[in-house]
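Based on the hints, put chain B in the right spot on chain A.
Quick note, the sequences are listed as chains A and B, same order.
In the numbering used here, each number is its position in the first sequence, counted from 1, plus 139.
In the numbering used here, each number is its position in the second sequence, counted from 1, plus 4.
To be clear, the hints were calculated from the coordinates, so they are not data collected in a lab.
Remember, predicted model here, so these are calculated numbers, not experimental data.
All the given hints hold, so there is nothing to weed out.
As a list, the in silico DSSO-like pairs of lysine-lysine whose alpha-carbon atoms are at most 27 Å apart:
no.: 1; chain 1: A; residue 1: Lys525; chain 2: A; residue 2: Lys435
no.: 2; chain 1: A; residue 1: Lys229; chain 2: B; residue 2: Lys122
no.: 3; chain 1: A; residue 1: Lys525; chain 2: A; residue 2: Lys312
no.: 4; chain 1: A; residue 1: Lys191; chain 2: B; residue 2: Lys122
no.: 5; chain 1: A; residue 1: Lys435; chain 2: A; residue 2: Lys191
no.: 6; chain 1: B; residue 1: Lys122; chain 2: A; residue 2: Lys353
no.: 7; chain 1: A; residue 1: Lys345; chain 2: A; residue 2: Lys563
no.: 8; chain 1: A; residue 1: Lys531; chain 2: A; residue 2: Lys397
no.: 9; chain 1: A; residue 1: Lys284; chain 2: A; residue 2: Lys559
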Amino acid sequence: MTRQQGAVAALAVAALFSASASAQETFRLGIVSFLSGPAAESFGVPAVNGAKVVIEAFNKGAAPAPYSKVGFGGVRIEPVYVDENGGATKQVQELRNLYDREKVDAVIGYVGSGDCLAVAPAAEEMKKFLILYDCGTPRIFEDGKYSYVFRTASHAVMDNVALARYLKARNVKAGTINYINQDYAWGHDSRNDFKAAAAQLFPGSKTGADLLPKFGAGQYGTEISALLSQPADLMHSSLWGGDLQAFILQAAPRGLFKRTQAVFSAADHVLPGLGQRMPDGVILGARGAYGLMSPKSALNDWWWKLYSDAYGVHPVQAPYRMVQALLGFKLAAEKAMAANGGKKPTPEQLAAALKGSEWESPAGRIRMALSDGHQAIQDTAIGRTKYDPKKKMVTLVDIQRFPAECVNPPAGVKGEEWIKGGFKGAKCP
Amino acid sequence: MSTLVTILVDGVTYASWLFIVALGLTLVFGVLKILNIAHGSFYALGAYAAATCVAWFGALEISPWLSLFALLLGAVAIAAVLAPLTERGLLRFFYGRDEVLLVLVTYALFLVLEDATKLVWGVNPYFVSEPYGLFGSVQVGALSYVGYDFALIAVAVACGLGVWWGLNRTRAGKIVLAVIHSAEIAASMGVNVGRVYTLAFMFGIFLAALGGALTAPMISVQPGVSVGVVIVSFAVVIIGGLGSIEGAAIGALIVGLARALAVHTWPEAELFSIYGAMAVVLIFRPEGLFQRVKARRI
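Extracted from the complex, chain A is given alone in its bound form (with noise of 0.2 Å):
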């Protein structure tokens, strides 16, 4: 061989293996969500659940219109899942390594407030690009600015104030209102717009019980008997997994539902689990219109369908949050490979992409229409507990639905600032 067949030889080596590489890139998405501990149960594992099955789907080509795409664009999806479980500075350095040391190209993840308040700065130091599908606290974007990371999921704001607009939309009292919420980020958000919405909604309603647990506390005997103390027409709670079952299995025998109108912000998820141990009557919300709530639509039903054969049981709130997440964030990928050339785009080119984009979920259409198109906005839904004998499983009646400008703040306005305002700008039906 001739040293320029020999050199002829090794690029048409070297060109196959280019060949072989680019036909095997993957798109790597980091998923980062609760695996262990208490939150687990309720919301990490059913969402990690929710990621895997519709990431296969994806992969397959197998999801319905506009997602028909096979994995990202053609590019086949592999997930790296991550524990949140750890603390946020933790979490902090297990972002860093999904970024550097796995050499993921996008981050989907967290559902603990201060593991999105403490991850959001870093990911944006790094210039890489993340999507936060859960956590519920509005001040992320409302007092910080991101070029790079995005929140495909409304915030507390609405789950409180939908919370309020549903009582008073069906005339329930709410003279005294005693609450129970955990000492945490998500708790003292969701207590102080609730009490908020209820003084704009309801002027001259009073605060009587405000009970602060720690999170996991597992023994609420006191803090029932506090709350069965101080008589009250509402009682309002954003408990949520654990807690909150053990709590629903400690109250109901003490009467506390017959003597109060109980109303949670997030309980959609505890109802397959307590099943007739949910006491009937109960107001509840799912951060969104999820679950038994959800909208009826050929998406939705492939969704419901793929997840409750997956799995023996129906999608609840956490696994809808995280298809959405999926959903927009393939639209984006692909509008921004497109942009690309068909090539994997730039934490930028991504940014580009999501920012003020729309989609329709299983839930509803996503719109990035908050925080210069960083934070979604969605509809969202409250519905009233009762056992159904002949299903053997605790429905929702009474369901409302409330669109995404009649509970989710404008463009610009603070969530706390627009319910104190009256809700200037809202658009309800």
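Only chain B this time, still in chain A's reference frame:
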């Protein structure tokens, strides 16, 4: 007056639950000199085992009261199987080493057991609320309580008296006290110290698992239940004095009542009340309420 009664009832019911768990923790420390971080994991395992046993007994449809026996069986199973494995298979290799090293070993065990629990039972919640309704309701003033809470007080009292009587009024108890005083001298007198360690560890773990088993009907049993209880239990045994049974009882009462007082009168200070009480005790009694000051052996 009625608020005072409510605070007392709430404080004592919370303290009784806490005492059962803290008693096991303080017993293990008293005999083996191990600050067992994995105590909460055995509490969680007790809850899971109880949930499984209640489900088995429930399927037999004999009597709902059998579910109480199922709770006990769950705790016994954990203590009988896992405690000897842990003590003989792991902890004994570290006896005589620095106490800090043992803390690290039990912390590692805690992490391992957390994941092992998930491997066996998964992450889905288990509900075993049947025993919770067996004792009906009890009216105290204007408030209704669940009878099960008062049964828990009786169990806690029985556990405390039983351990005290066992240690102070039986031959086996005197042997344990001899080992606590000096394992070397007890061994030279013919006491099988290794067996005493194993049995004491088993009983301590039984109390942790019993605490978990008795709590299972009140909660959804799922990953993460082990963390909170072990932190508060440490506060209890530190207040009472590490290794002291009377101290665990008084410590549990102080924590229970301080917490109940805070929830009813100043809810924002609930968490502070527990550690505030601990700080006050430690200012005046750095060794805890019932721990005698000892000269450090060099």
